[in-house]
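Colleague: One-letter residues, chain by chain:
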Amino acid sequence: MSSSKNNVDYAAFPSKEGHFGRYGGRFVSETLIFALDELEQAFLRLRKDPAFQAEFDRDLAHYVGRPSPLYHAERWSREVGGAQIYLKREDLNHTGAHKVNNTVGQALLAKYMGKKRVIAETGAGQHGVASATVAARLGMSCQVFMGEEDIQRQALNVYRMKLLGAEVVSVKSGSRTLKDAMNEAMRVWVTDVDDTFYIIGTAAGPHPYPMLVRDFQSVIGREARQQCLDSTGKLPDALVACVGGGSNAIGLFHPFLQDEGVEMYGVEAGGHGLATGQHAAPLSDGRPGVLHGNRTYLMQDDNGQISHTHSVSAGLDYPGVGPEHSWLKDIGRAQYVTIDDEEALTAFRKLTLTEGIMPALESSHAVAYAEKLAATMSPEQTIVVNLSGRGDKDIHTVAGIDGIGID
Amino acid sequence: MSRLSSLFTTLAEQGRKALVPYIVAGDPDPRYTVTLMHELVAAGADIIELGIPFSDPMAEGPVIQLAHERALAHNTSLNQALDMVAEFRREDSKTPIVLMGYTNPVERMGYETFARQASDSGVDGLLTVDMPPEEAAEISALMKAVGLDNIFLLAPTSSEQRIAKVSALATGYLYCVSLKGVTGAGHLDVDSVRAQLALIKKHSTLPVTVGFGIKDGASAAALAPLCEGVVVGSALVDRFANWDHEADAAPQIAQAVALIKEIREAVDGAPTN
Ligand SMILES: Cc1ncc(COP(=O)(O)O)c(C=O)c1O
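Sequence lines, in order, name chains A and B. Under numbering that gives the first Met the number 0, the final residue of the first sequence carries the number 406; numbering is consecutive throughout. Under numbering that gives the first Met the number 0, the final residue of the second sequence carries the number 272; numbering is consecutive throughout.
Source of the hints: derived by calculation from the structure; they are not laboratory data. For glycine and all other residues, C-beta sits at the position ideal for the given N, C-alpha and C. Errors might be hidden in some of the hints.
[As the list claims (entries may be wrong)] Okay, the calculated bits of chain B under chain A, using three or more residues with CB under 8 angstroms as the criterion:
no., region
1, 104-111
2, 130-140
3, 147-153
Just chain A, same shape as in the assembly (with noise of 0.2 angstroms):
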């Protein structure tokens, strides 16, 4: 395995126009470059501003409950027989997943910005949750969207949003789905867009979105490196993360890039394989194109439609990607790779029986792939596995699959 060496300064990005290099940027309609350009001015004075980053830093440890450990799966890495494999447990976190480091980050945003009312998108219904969440302790008012199809598959999370006092408003257009309700949600934002922040739930969208996000979830990576250099004295040899628009890997990632020996490896979603078209993996079979306010790898067909996307995990049924990921892959920084339905269900079973740890659906494709990557390298090499999230919202998805009915 050799790391690209190409001299870059990757703090210098995005660009002050948002881009990475060809990707991000800003493609929204005009009624919106008003409040991007508000937020971007917020985030900027508030991320050097002590009192916002110790507030920040307090409700992190306090609230989201951080640092989340980084687990040695001992048992584990002895039955795959190559590296050593380190779980940073994000499934831990309040909420169960990283999605909550960035719905704290941008809610405090929002209360010194002085606005009353968030909206979110939501997928698997994590990010829902960790929005419903963060407006419930402060005091705000929450609708989510989300996609009519993703309102059945993950029924728990629509409930816990709305015992959080959040309004879920079903998205019946386009493919039901995330992308549909990341539609939705941008055109309540333009109507609404005096009084209304828009939490963003990865690391896409509109700059300065992509640029925050990756901001907020960084706490992931920089705790993973003091963590593994204190327990192994070195850094790791290799980074995996799974891939929906890119939050959690880029959290992990961010503070290693400048780091050359450690390999990054973000996984996408296979679904039913790349050769049948099923899937979410713009990074691996996309092309780069224009969608939700960003230029990135997309899914779409020849005259520019966005296909429709498949993933056994919702969180992950997105055709588009956060634009850092397209241009890392571009420069060749990090790699990315697909994990199919099936893997990522045999590896949550794995995991589940080996270490009692149950993973997100999501993160199972990145504890599939890491399986496979561990297996090629020597004992002595280290391997951190971004456990983006626990399962248990995907147990009834699953019991599903086994035919059981749990309702």
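Fit chain B with the ligand to the given chain A structure using the hints.
Modeller: Frame of chain A; chain B with the ligand shown alone:
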């Protein structure tokens, strides 16, 4: 002079306002789009904004979203829209056609190919909803080289500084979005549009059309005196929502186009100022 500039010059001389209907190419049925365009002109349209169907029309309200879905169900995309313009041009060399859509289909075709083919088909301008001037330098240059106008939006949220910046890049006309919201929204406020137009006029001598929220003769007549043209989208497109594919097309087209006739009369009858 471009078709758009000469149209606005003529209208100004006559003291008239441009009436700009918006339809989506291929909605309700690609076989009738060109016929519909001719009928709109006969009913009093000065410019036609032809929507390029897109799977994710982020700035549209429910009525126009459904129109995009109907068009896509008939496999109408950018290529077909360009063919329709070419066919329209065989009988009408005068009425300007502006394509209105989203970045991705244009980017997928390639900016250079798009500019050449659009110009060859007889298109006059492009309005890309999700491509603000900051991202438009490359396509604008290619369009300019073949004489196509690049039309930009100005919103109620556009600062004066931004109005100046957008105006400097725009050609053809400026499209003033009358409200914060998606197409078809119902909360048009004439006084705030008046203030917004005053600000735009301070920075640009380009003609300004106003769109979003114009649904009938009365709303069009209220706005027309303040600007150079009015755009009618959702109210027209909504007339295709219950299209009967089994029934005769002609009366259904006539019923839709009647709205444009009504608005034409209201606009022409409105006092000038
Ligand atoms: C547990 C978990 N992991 C990963 C993802 C994918 O998102 P991202 O790629 O932004 O991390 C989701 C999205 O819902 C999720 O819930």
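Colleague: Each hint should be assessed against the structure and marked as holding or not.
Modeller: Evaluation of the provided hints:
1. Judged by the Cβ-Cβ criterion of 8 angstroms, the region 104-111 of chain B is covered by chain A as claimed, because 5 of its residues qualify and three suffice.
2. For a cut-off of 8 angstroms, the count of residues in the region 130-140 of chain B with a CB near a CB of chain A stands at 4, and the three-residue condition holds.
3. Closer than 8 angstroms: that is the beta-carbon criterion, and the region 147-153 of chain B has 3 residues meeting it against chain A, so the requirement of 3 holds.
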